[in-house]
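Protein chains: 2
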Amino acid sequence: MFNISKPSADNDLLIQHQIDHKTKPLGALGQLENTAFQLVKVLGRQAKKLNPQVIIFAAEHGIADFGVSIAPSAVTQQMVMNFTAGGAAINVFCDQHQYPLQVVDCGLRVELNEVPNLINQRLGNGTLPFHQHSAMSLEKVNQGFRDAKSLIHSHVQEGKNIFAFGEMGIGNTSSASALMSALLKLPADKTVGLGTGIDSESLSKKVTYIDDALALHKANLNDPISILACLGGFEIVQLVGAILAAAEQRKLVVIDGFIVSVAALFAYQIAPNSRDYMIFAHKSQEQAHDVLLNELSATPLLDIGLRLGEGTGAVLALPLIESALAFYYQMASFEEAQVDNVIE
Amino acid sequence: MFNISKPSADNDLLIQHQIDHKTKPLGALGQLENTAFQLVKVLGRQAKKLNPQVIIFAAEHGIADFGVSIAPSAVTQQMVMNFTAGGAAINVFCDQHQYPLQVVDCGLRVELNEVPNLINQRLGNGTLPFHQHSAMSLEKVNQGFRDAKSLIHSHVQEGKNIFAFGEMGIGNTSSASALMSALLKLPADKTVGLGTGIDSESLSKKVTYIDDALALHKANLNDPISILACLGGFEIVQLVGAILAAAEQRKLVVIDGFIVSVAALFAYQIAPNSRDYMIFAHKSQEQAHDVLLNELSATPLLDIGLRLGEGTGAVLALPLIESALAFYYQMASFEEAQVDNVIE
Numbered sequence: 045m046f047n048i049s050k051p052s053a054d055n056d057l058l059i060q061h062q063i064d065h066k067t068k069p070l071g072a073l074g075q076l077e078n079t080a081f082q083l084v085k086v087l088g089r090q091a092k093k094l095n096p097q098v099i100i101f102a103a104e105h106g107i108a109d110f111g112v113s114i115a116p117s118a119v120t121q122q123m124v125m126n127f128t129a130g131g132a133a134i135n136v137f138c139d140q141h142q143y144p145l146q147v148v149d150c151g152l153r154v155e156l157n158e159v160p161n162l163i164n165q166r167l168g169n170g171t172l173p174f175h176q177h178s179a180m181s182l183e184k185v186n187q188g189f190r191d192a193k194s195l196i197h198s199h200v201q202e203g204k205n206i207f208a209f210g211e212m213g214i215g216n217t218s219s220a221s222a223l224m225s226a227l228l229k230l231p232a233d234k235t236v237g238l239g240t241g242i243d244s245e246s247l248s249k250k251v252t253y254i255d256d257a258l259a260l261h262k263a264n265l266n267d268p269i270s271i272l273a274c275l276g277g278f279e280i281v282q283l284v285g286a287i288l289a290a291a292e293q294r295k296l297v298v299i300d301g302f303i304v305s306v307a308a309l310f311a312y313q314i315a316p317n318s319r320d321y322m323i324f325a326h327k328s329q330e331q332a333h334d335v336l337l338n339e340l341s342a343t344p345l346l347d348i349g350l351r352l353g354e355g356t357g358a359v360l361a362l363p364l365i366e367s368a369l370a371f372y373y374q375m376a377s378f379e380e381a382q383v384d385n386v387i388e
Numbered sequence: 045m046f047n048i049s050k051p052s053a054d055n056d057l058l059i060q061h062q063i064d065h066k067t068k069p070l071g072a073l074g075q076l077e078n079t080a081f082q083l084v085k086v087l088g089r090q091a092k093k094l095n096p097q098v099i100i101f102a103a104e105h106g107i108a109d110f111g112v113s114i115a116p117s118a119v120t121q122q123m124v125m126n127f128t129a130g131g132a133a134i135n136v137f138c139d140q141h142q143y144p145l146q147v148v149d150c151g152l153r154v155e156l157n158e159v160p161n162l163i164n165q166r167l168g169n170g171t172l173p174f175h176q177h178s179a180m181s182l183e184k185v186n187q188g189f190r191d192a193k194s195l196i197h198s199h200v201q202e203g204k205n206i207f208a209f210g211e212m213g214i215g216n217t218s219s220a221s222a223l224m225s226a227l228l229k230l231p232a233d234k235t236v237g238l239g240t241g242i243d244s245e246s247l248s249k250k251v252t253y254i255d256d257a258l259a260l261h262k263a264n265l266n267d268p269i270s271i272l273a274c275l276g277g278f279e280i281v282q283l284v285g286a287i288l289a290a291a292e293q294r295k296l297v298v299i300d301g302f303i304v305s306v307a308a309l310f311a312y313q314i315a316p317n318s319r320d321y322m323i324f325a326h327k328s329q330e331q332a333h334d335v336l337l338n339e340l341s342a343t344p345l346l347d348i349g350l351r352l353g354e355g356t357g358a359v360l361a362l363p364l365i366e367s368a369l370a371f372y373y374q375m376a377s378f379e380e381a382q383v384d385n386v387i388e
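Sequences listed follow chains A and B, in order. Using my numbering, you'd call the opening residue of the first sequence number 45 and step up by one each time. Using my numbering, you'd call the opening residue of the second sequence number 45 and step up by one each time.
Same shape as in the complex, but just chain A (with noise of 0.2 angstroms):
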């Protein structure tokens, strides 16, 4: 469903020397630097501009009737509601840089009607528990992907160039660490950790359920798609294939914690070509995100010990992203601005 190449070379030699003529010492601006080079190679050098487009993806889980989170599963509809209002924490911070927020039904237990600024791309009313059943069909693993794609090619043809996408979704952990423990082959305890903050029996549960899932859908965990029809979230499954159908479109996005860095993980496998357009936020909290990040060799930009999800910490980093940019474009190379060369 997604053909997705690299970005060109052509330019690559070009793009670095003018990151190391700027007047600066070279590689002074550390990651900004790496940063300025894959937006500059991306995009191409028209793009002197950023154009964000930020996008919630909510759904309810099965699992999360099981004892696994903090919260009870109505607080999702509740955040959704909270998202719509403009009360939220990824509210305040989209504001504060006037980036656009759009937040997605990707399947919330009781359909809302007539509230305004949410996208309904609904995938089914939650999903079923997963250690007890396939969580979703392959069909809706399918049709999760097409709404996102159409949605992520309605935002560029209006202009987004980067999308930085969140979710929403109680229980959604749980469903993160099984998928990741079905495509990296992992025993639970290597991919669970406490998610918004649970307590040890809370997270043995968790472990169990996963582990007793991994037994039960065995026979079917051999490919992306299938993995993600067993272990899935509706939201899980939207960002796949949003952050596949943007590479897709040659835009970048920025990965989110835990949850999107696993989406991106599916991505990277379903389309490795697609690693090139994905930028790594933050460092979360939640231990086995160190592992995803390690097999996407990513090094995320932020580590301040952020665990909210949203897309918080993908907006908390656009503001460096943007900041990469702008020196590519308005710093003044050491001739423009008659400062010796330091560097030749």
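It is worth saying that the hints were derived from the structure and are not from the lab. Being a predicted model, the structure only gives us computed values, none of them experimental. Yeah, the Cβ is synthetic: ideal placement off N, Cα and C, and Gly gets one too. Check the hints yourself; a few may be wrong.
[Said to hold, decoys possible] On the chain A side, residues computed to face chain B include the following (Cβ under 10 angstroms):
(1) Pro69
(2) Asn126
(3) Ala133
(4) Asn135
(5) Val359
(6) Leu360
(7) Gln374
[Claimed, not checked] One side of the interface only, derived from the structure: several residues of chain B facing chain A at Cβ under 8 angstroms:
(8) Gln75
(9) Asn126
(10) Gly131
(11) Arg351
(12) Leu352
(13) Gln374
Chain A is already provided as a structure; the job is to place chain B on it using the hints.
Using the frame of chain A, we list chain B on its own:
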């Protein structure tokens, strides 16, 4: 010269309660939560918006003529011209966020005439080389403190409530390392790093000159003011004064990389209460920065391999600091958003 008291602890419980009751899991915004606490504690519960001022202190160094830097001393003046013309990295990042930037001549070798936006607070025509002479007189240190204090006062009267300080001065990592060595009683090889990228020959010169200087001035390295006179730079002296002045005025200071952190350590030694007003922006690539951060019990916000100076790290961290205040004042509580309180 500075009378610095600790911020009031009267509202500590209230501030923490409000942070904890925002619609997010407890602690899920990581370091932004500590930062929000500090901001509200220092500024009180009326200042709902940060009003930043960025100031670069620039000066030339006698030691720069002795092969300790990648660039000749003349680059200091060239970069000051670059700052006032708007072409440097710090200009780009300030423009991006519309932070006002001021450049202060603390002692270039040649006085520049008719340069718009350049503040004259000259303490001399560059310092003397500190391995042969005292870099400056004690009177110059005091004059630098007075000048910095009156500059900060004028900004506070205009309503500025947070400062980001940067520096420019070829050779000033040598001065900063010497100052750190003298204050912490560490040999030069523990405080010297690669600066903006010198080779091993320059590095060993740097170590030798600093150890020579520590021996030469041995009798005068018993208090921070005398140490600053023996080994300081004019810009570093004014940085110390500016940090102390901002703390005295109960305003925040965002501490940039290695050189500004050395100034922060001097401010802390002169007036320990000043520490409560400091926010640490980033962990520099300069090896001794870790030791400094430890001395100051500081956990910086960014760790992205910066080693440019100019205040770039401080300005790149400022949007995160603004995010911290924004979530405190704008994010909904569980009650306001009708979200189940998951923390009680």
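Hint check:
Of the supplied interface hints, the one on A:Pro69 holds, with its beta-carbon coming within about 4 angstroms of a beta-carbon of chain B, less than 10 angstroms. Look at A:Asn126: its Cβ gets to within about 4 angstroms of chain B, closer than 10 angstroms, so that hint holds up. Checking A:Ala133 against chain B: minimum C-beta separation of about 6 angstroms stays under 10 angstroms; hint holds. Because the smallest distance between the Cβ of A:Asn135 and any Cβ of chain B comes to about 8 angstroms, under 10 angstroms, the interface hint for this residue holds.
About 9 angstroms separates the beta-carbon of A:Val359 from the nearest beta-carbon of chain B, less than 10 angstroms, and the hint is met. At its closest, the beta carbon of A:Leu360 sits 6 angstroms from a beta carbon of chain B; the interface hint therefore holds under the 10 angstroms criterion. This hint holds: A:Gln374 has a C-beta 5 angstroms from the nearest C-beta of chain B, less than the 10 angstroms allowed. With a cut of 8 angstroms, the hint placing B:Gln75 at the interface with chain A holds, because the nearest CB-to-CB distance is about 4 angstroms.
Among the interface hints, the one on B:Asn126 holds; its C-beta lies about 4 angstroms from the nearest C-beta in chain A, closer than the 8 angstroms criterion. Look at B:Gly131: its Cβ gets to within about 3 angstroms of chain A, closer than 8 angstroms, so that hint holds up. Taking 8 angstroms as the C-beta cut-off, the interface hint given for B:Arg351 holds, the closest approach to chain A being about 5 angstroms. Evaluation of the B:Leu352 hint against chain A yields a held restraint, the C-beta minimum of about 4 angstroms falling below 8 angstroms.
With its C-beta approaching chain A no nearer than about 5 angstroms, B:Gln374 sits inside the 8 angstroms limit, and its interface hint holds.
Comparing the model with each numbered hint stated earlier shows that all of them hold.
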